[in-house]
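Student: Sequences listed follow chains B and U, in order.
Quick note: the first sequence, position 60, residue 66 per my numbering, numbers continuous.
Quick note: the second sequence, position 42, residue 717 per my numbering, numbers continuous.
In case anyone wonders, no lab produced these hints; they're calculated from the structure.
A few of these clues could be false.
[Unchecked claim] Away from chain U, derived, C-beta distances all over 12 Å, residues of chain B:
#1 A26
#2 V36
#3 A55
#4 E63
#5 Q118
#6 G120
#7 R128
#8 T145
#9 R146
[As the list claims (entries may be wrong)] Heads up, simulated SDA-like pairs for lysine to any residue below, C-alpha to C-alpha not over 25 Å straight-line:
#10 B:K41 / U:E698
#11 B:K99 / U:P791
#12 B:K41 / U:D711
#13 B:K99 / U:T792
#14 B:K99 / U:P890
#15 B:K99 / U:D813
#16 B:K99 / U:G910
#17 B:K41 / B:N94
#18 B:K99 / U:T806
#19 B:K41 / B:L131
#20 B:K99 / U:G793
#21 B:K99 / U:S863
#22 B:K99 / B:V38
#23 B:K99 / U:P893
#24 B:K41 / U:R904
#25 B:K99 / U:A887
#26 B:K99 / U:G835
#27 B:K99 / U:Q790
Quick caveat: nothing in here was measured; it's all calculated off a predicted structure.
Where a beta carbon is used, it is the ideal one built from N, C-alpha and C, also for glycine.
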Amino acid sequence: MPMPTPSATPVFASEEEALAAAEVAYGEYVAVASKIFADGGAGADRLRAAATGAQLEADLAGFREVLRLGQYSTGTTTFERFELQQYNPDSSKEIVVVYVCEDITDVDVLDQDGNSIVSPSRPDLTTYELAFDVAEVGTRLLVSRKEAWAVGC
Amino acid sequence: MLRVLALSSAIALTFLLGQADAEVCGFNQALTNGCDPMTVDTTSGPTSVTLTGTDTTSGSGAGGDGGDSNDDPFADCDNPNSETCIRPFIGTITNPVTLSDIATFHPTPAVDHSQPTGWTIIGLDTNFYATGGQHIVDGTLLGRPASVRFTPVQWHWYYGDGASASHPVAGSTWRAQGIREFDPTSTSHIYRDRDTFTIDLDVEFAAEYRYAGGPWVPITGTLTIPANRLTISVGHAKTVLVEHDCRRNPAGPGC
């Protein structure tokens, strides 16, 4: 009697719910990562609560370098226009993939002497593709991949 | 044949670059230097294969290479049937730009969708549609700032069950077409087996280029760019709970 078998327990009831959860999760990721960068890369393990996989590895490696070089950031990263690209309810990896427009106009990165080291070619507005995994415990989303999709939004 | 060769090399290169660029963007990297986009990258690197310095003529093309004298070491170019004419570039582009010239301009891949998403029912129409339309990419063409306009013209779906279809339209949602769920659309597909299938979509883009303020000039050929891959579970629907029978609710599922 093969019947359509529902997946174990759908994490989200709808695409809208998945998108909303991704937005909350990314907000936490940006908040924690910004705090770590403002602290000069100290306490980077805090990011484990918001990121995972390749993204976590890349961020931790980046923050180790930040700490070694005595860099820190100021200003606020903002983002808007969350758009759903994919929702894969049967997968815990990359369960949600979205596009986001991120604005870092207000953000500066300084070296240990307080001089800005921001590249003149750094774009202030970037569209990213973000992928989220489901945390092993609970139903929280963690950022697993953040890739630049296009300069500008 | 030159043009065909140029076309296939452009496609191969596009894939190669797309894969090489796929990397996660570290938080500090984004804030300090920025991360290179997966698609168009006009800031970094020797990824260019533009023909700066060499002008390749394909014999049958428009535009003149007139004024050649007989002692031209590239006399092949005077033969209208020549497919091997290569001459030094002299500053003005009079010969057709080919797809290989615009290999550094990457069209944004289309995004494939299905209705329903992730699952469907044997024997009923699954509606596939793509988003992503005409768009313009700025960059450098033969050493000068230029824009390339990509227009999707053909959508090739590979449904994973051995079937495939090519459509001149991207399709759209059932709602946008004002029809009911599981109604046939011009881009829908019916699965006959219970299984999980992966669906691939290739989109063919036509390309045009222009230099600042100039008119759009079409480029011969099309570029085929893969979209995202979808996975769909196909199952039977032997039992469906509905609110009313078909007489009371003729618009209900399965009626």
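Student: Work down the list of hints and note, for each, if the structure agrees.
Tutor: Hint check:
In this structure B:A26 is separated from chain U by more than 12 Å, as the shortest Cβ-Cβ distance comes to about 17 Å. Distance to chain U contradicts B:V36 as a non-interface residue, since its nearest Cβ pair spans about 8 Å, not more than 12 Å. Remark: the non-interface label on B:A55 is consistent with the geometry, its nearest Cβ contact in chain U lying 14 Å away (cut-off 12 Å). The Cβ of B:E63 sits about 8 Å from the closest Cβ of chain U, inside the 12 Å cut-off, so the non-interface label is violated.
Taking the minimum C-beta to C-beta distance to chain U, about 14 Å, the non-interface status of B:Q118 holds against the 12 Å cut. Distance check for B:G120 against chain U: the nearest CB is about 15 Å away, which clears 12 Å, and the non-interface claim stands. With a cut of 12 Å on Cβ distances, B:R128 falls inside the contact zone with chain U, its closest approach being about 4 Å. With a closest Cβ-Cβ approach of about 18 Å to chain U, B:T145 is found to remain outside the 12 Å limit, as its non-interface label requires.
At roughly 19 Å, the least C-beta separation between B:R146 and chain U is larger than 12 Å, which holds for a residue marked as non-interface. Of the supplied pair hints, the one linking B:K41 and U:E698 holds, its CA atoms being roughly 24 Å apart against a limit of 25 Å. Between B:K99 and U:P791 the CA atoms are separated by roughly 21 Å; this keeps the pair inside 25 Å, and the hint holds. A hinted pair counts as satisfied when its Cα atoms are at most 25 Å apart, and B:K41 with U:D711 qualifies at roughly 24 Å.
Only pairs whose Cα atoms come within 25 Å are accepted, and B:K99 paired with U:T792 is accepted, the gap being roughly 17 Å. In summary, the hint linking B:K99 to U:P890 is not supported, as the alpha carbons are separated by about 46 Å, beyond the 25 Å threshold. Using a Cα cut-off of 25 Å, the hinted pair B:K99 and U:D813 is violated, with the two alpha carbons roughly 35 Å apart. Pair hint B:K99 plus U:G910 holds up; C-alpha atoms about 23 Å apart against a cutoff of 25 Å.
Using a Cα cut-off of 25 Å, the hinted pair B:K41 and B:N94 is violated, with the two alpha carbons roughly 31 Å apart. A hinted pair counts as satisfied when its Cα atoms are at most 25 Å apart, and B:K99 with U:T806 qualifies at roughly 24 Å. For the suggested pair B:K41 and B:L131, the alpha carbons sit about 20 Å apart, so the restraint of at most 25 Å is met. Our distance criterion of 25 Å between C-alpha atoms is met by B:K99 and U:G793, whose separation comes to about 15 Å.
Taken as a hint, the B:K99 and U:S863 pair is broken in the structure, with Cα atoms around 28 Å apart against an allowance of 25 Å. Using a Cα cut-off of 25 Å, the hinted pair B:K99 and B:V38 holds, with the two alpha carbons roughly 22 Å apart. Under the criterion of a C-alpha separation no larger than 25 Å, the hint pairing B:K99 with U:P893 is inconsistent with the structure, at around 42 Å. Taking the CA atoms of B:K41 and U:R904, the gap is about 36 Å. The hint is violated against a cut of 25 Å.
Simply put, B:K99 and U:A887 have alpha-carbon atoms about 45 Å apart, too far for the 25 Å limit, and the pair is violated. Among the hinted pairs, B:K99 with U:G835 is consistent with the structure: their alpha-carbon atoms are about 22 Å apart, no more than 25 Å. Between the alpha carbons of B:K99 and U:Q790 the distance comes to roughly 22 Å, so the proposed pair stays at or under 25 Å and holds.
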